[in-house]
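Start from chain A and add chain B according to the hints.
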Amino acid sequence: MIEYYTFKHRGDSLEYLDEVYLTLVPSITVAMFYGSKVKEGARSQALLFSELLNSEESANSIADLDSYMEEYLDETSEYLLLRSVNNGIECFRRGDICAKIVRNGQISILPNGYFGLSHEDRIICATSNFYKYLTDEGILADALVADSCSDWMNMLIRRISDQNQLKCGNLSAVTLKLDT
Amino acid sequence: MYDFSLLPDDTVLTLGVALVLFAVAFIFFVIVAIYTLIATTAYSKKHKDKLKLICDVAYFHERGKRDNQEDSIYISPIEKVEESGLIAACSDGMGGLLNGEVVSKYVTDSLSENYPYKFDAQNENAKIISDISNKVYEEYHLGAGATLVMVHIFDDYMNFYSLGDSNIILIRNNRATLLNYKQNYITLMIKKFAEGGIDTVDAYRDTRAKGLVDFVGNLNCNVLKTAKPIRLIENDIIIVSSDGVTDSIPLNRLVNHIHFDQNATGIARAIKYGVKTRRNPRQDNYSAVVIKMNRSFV
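Chains as they are written, first to last, in our numbering: chain A, 1 to 180; chain B, 1 to 298.
Same shape as in the complex, but just chain A (with noise of 0.2 Å):
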């Protein structure tokens, strides 16, 4: 079962720039845009982005789209690529934007490369942005006590309301669940 919850808030910013991407066929991919550390022209580059995306490299494997995002996004575009495969997930990320793991009651980021899931298992995307107001320990808390991913986002986002009431630029984060 594929359990997932997307949040995508403008802040105090006049537009959105970033760009979250969920795909469920023909396996889950999670592909994450950080437009607002785009210096200039990040509306171009998210549209190059979601182009890259949906052209057939996507299709191949994410390692190779992964190099085509490398080769023809600009330098300061961060961006993060999951996707699951067979019982585990490939992860590609370049920047600070990241993806943590909840497992055994600890949270760490999800290295680059291919990693094995285990049952109950939690994962979150977010860009750097999102994880400023947060502690690990407080990700890690919510993850514990919620029903449901909605539930997680949820606590996560009054944490981040508690500190600056939502006026803190773009936020873009995806709390997953994938029972293998």
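Bear in mind the hints are in silico, worked out from the structure with no lab data behind them.
C-beta: ideal position from N, C-alpha, C; glycine also.
Please note that the accuracy of each hint is not assured.
Label pairs and their calculated CB-CB ranges [stated by the list, open to error]: (1) A/ASN87 / B/LEU37: 35 to 43 Å; (2) A/TYR68 / B/GLY266: 56 to 64 Å; (3) B/GLU83 / A/MET1: 35 to 43 Å; (4) A/GLU3 / B/ARG295: 50 to 58 Å; (5) A/TYR114 / B/ASP261: 22 to 30 Å; (6) A/ASN54 / B/LEU37: 57 to 65 Å; (7) A/ASP12 / B/THR207: 18 to 26 Å; (8) A/SER13 / B/THR41: 56 to 64 Å; (9) A/ASN104 / B/GLY266: 25 to 33 Å; (10) A/SER61 / B/GLY266: 52 to 60 Å; (11) B/HIS259 / A/ASN54: 52 to 60 Å.
DSS-like, lysine-lysine: derived pairs with alpha carbons at most 30 Å apart [stated by the list, open to error]: (12) B/LYS210 / B/LYS127; (13) B/LYS210 / A/LYS132; (14) A/LYS177 / B/LYS228; (15) A/LYS177 / A/LYS100; (16) A/LYS167 / B/LYS191; (17) B/LYS80 / B/LYS52; (18) B/LYS118 / B/LYS135; (19) A/LYS167 / A/LYS37; (20) B/LYS191 / A/LYS8; (21) B/LYS210 / A/LYS167; (22) B/LYS191 / B/LYS105; (23) A/LYS8 / A/LYS100; (24) B/LYS192 / A/LYS132; (25) A/LYS100 / B/LYS52; (26) A/LYS8 / B/LYS210; (27) A/LYS177 / B/LYS105; (28) B/LYS225 / A/LYS8; (29) A/LYS100 / B/LYS135; (30) B/LYS228 / A/LYS8; (31) B/LYS52 / A/LYS8; (32) A/LYS177 / B/LYS225; (33) B/LYS191 / A/LYS177; (34) A/LYS100 / B/LYS191; (35) B/LYS135 / A/LYS132; (36) B/LYS135 / B/LYS225; (37) B/LYS80 / B/LYS192; (38) A/LYS100 / A/LYS39; (39) B/LYS192 / A/LYS37; (40) B/LYS80 / B/LYS127.
Positioned in the frame of chain A, the structure of chain B alone reads:
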């Protein structure tokens, strides 16, 4: 090849004896080396098992400016920590309602009566708390209530349970994190505002914001609980407290009041005097159980 027949007999004999002695010494050396290796590995393994995290516990329980002490705390018997783990709980009678002190005392007494708790039976333990809440409801019909925060620590792991807006705080790496979210009305409003894509400033301005949506004394309450335990590490500090503590010392300033080489008693004392020196004219009752995790021989 060497022709030993050319050597005198006594020299050959001497060489033979030397060879035998060398072989014996070599075999003896190998045996001693293998024995030492096994013994060292076994020793370190044995002592690694003994190097468990142990709980150093202290508490304070102060009245503030209220007429009654409406906080109540419970710490399970320390001598039973090895077999059943440590339970630390704090219950805060709800302000504005009658019998706050009676309800909070009833809650901690009931927790004590139900001890010991199974560590991996979170649903069962939550049911016990829910039953306590139902009994309070049957007695007062929402005319009285209390909050409850409870941690259950067993070896390196911790489960927690919460109802209302009291605090379970974890201090790790010089950062304080509130582990349980507060079950007040503001949580519902933030969810609504965030889904609408707007900021949440108005949610905090709402007069109903701090009103509790769940507490002990509510019928069939929803106990917040960990489905799986949190892994604890050495030097973690856990504070189970009423909101009287964090009303005077905000979470982000809590670490300024403590030193990390202090034991639980020192930390509890520092926080208590931290609240006291604020001289808040409307200081609520303030109580806390402080647990410091130490790595030590049992």
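Status of the hints after comparison with the structure:
| no. | hint | in the structure |
| --- | --- | --- |
| 1 | A/ASN87 / B/LEU37: 35 to 43 Å | 38 Å, holds |
| 2 | A/TYR68 / B/GLY266: 56 to 64 Å | 57 Å, holds |
| 3 | B/GLU83 / A/MET1: 35 to 43 Å | 37 Å, holds |
| 4 | A/GLU3 / B/ARG295: 50 to 58 Å | 37 Å, violated |
| 5 | A/TYR114 / B/ASP261: 22 to 30 Å | 42 Å, violated |
| 6 | A/ASN54 / B/LEU37: 57 to 65 Å | 60 Å, holds |
| 7 | A/ASP12 / B/THR207: 18 to 26 Å | 25 Å, holds |
| 8 | A/SER13 / B/THR41: 56 to 64 Å | 58 Å, holds |
| 9 | A/ASN104 / B/GLY266: 25 to 33 Å | 32 Å, holds |
| 10 | A/SER61 / B/GLY266: 52 to 60 Å | 56 Å, holds |
| 11 | B/HIS259 / A/ASN54: 52 to 60 Å | 56 Å, holds |
| 12 | B/LYS210 / B/LYS127 | 26 Å, holds |
| 13 | B/LYS210 / A/LYS132 | 26 Å, holds |
| 14 | A/LYS177 / B/LYS228 | 15 Å, holds |
| 15 | A/LYS177 / A/LYS100 | 12 Å, holds |
| 16 | A/LYS167 / B/LYS191 | 15 Å, holds |
| 17 | B/LYS80 / B/LYS52 | 15 Å, holds |
| 18 | B/LYS118 / B/LYS135 | 22 Å, holds |
| 19 | A/LYS167 / A/LYS37 | 17 Å, holds |
| 20 | B/LYS191 / A/LYS8 | 13 Å, holds |
| 21 | B/LYS210 / A/LYS167 | 21 Å, holds |
| 22 | B/LYS191 / B/LYS105 | 34 Å, violated |
| 23 | A/LYS8 / A/LYS100 | 18 Å, holds |
| 24 | B/LYS192 / A/LYS132 | 22 Å, holds |
| 25 | A/LYS100 / B/LYS52 | 28 Å, holds |
| 26 | A/LYS8 / B/LYS210 | 27 Å, holds |
| 27 | A/LYS177 / B/LYS105 | 40 Å, violated |
| 28 | B/LYS225 / A/LYS8 | 27 Å, holds |
| 29 | A/LYS100 / B/LYS135 | 41 Å, violated |
| 30 | B/LYS228 / A/LYS8 | 28 Å, holds |
| 31 | B/LYS52 / A/LYS8 | 43 Å, violated |
| 32 | A/LYS177 / B/LYS225 | 19 Å, holds |
| 33 | B/LYS191 / A/LYS177 | 21 Å, holds |
| 34 | A/LYS100 / B/LYS191 | 23 Å, holds |
| 35 | B/LYS135 / A/LYS132 | 43 Å, violated |
| 36 | B/LYS135 / B/LYS225 | 20 Å, holds |
| 37 | B/LYS80 / B/LYS192 | 45 Å, violated |
| 38 | A/LYS100 / A/LYS39 | 26 Å, holds |
| 39 | B/LYS192 / A/LYS37 | 28 Å, holds |
| 40 | B/LYS80 / B/LYS127 | 23 Å, holds |
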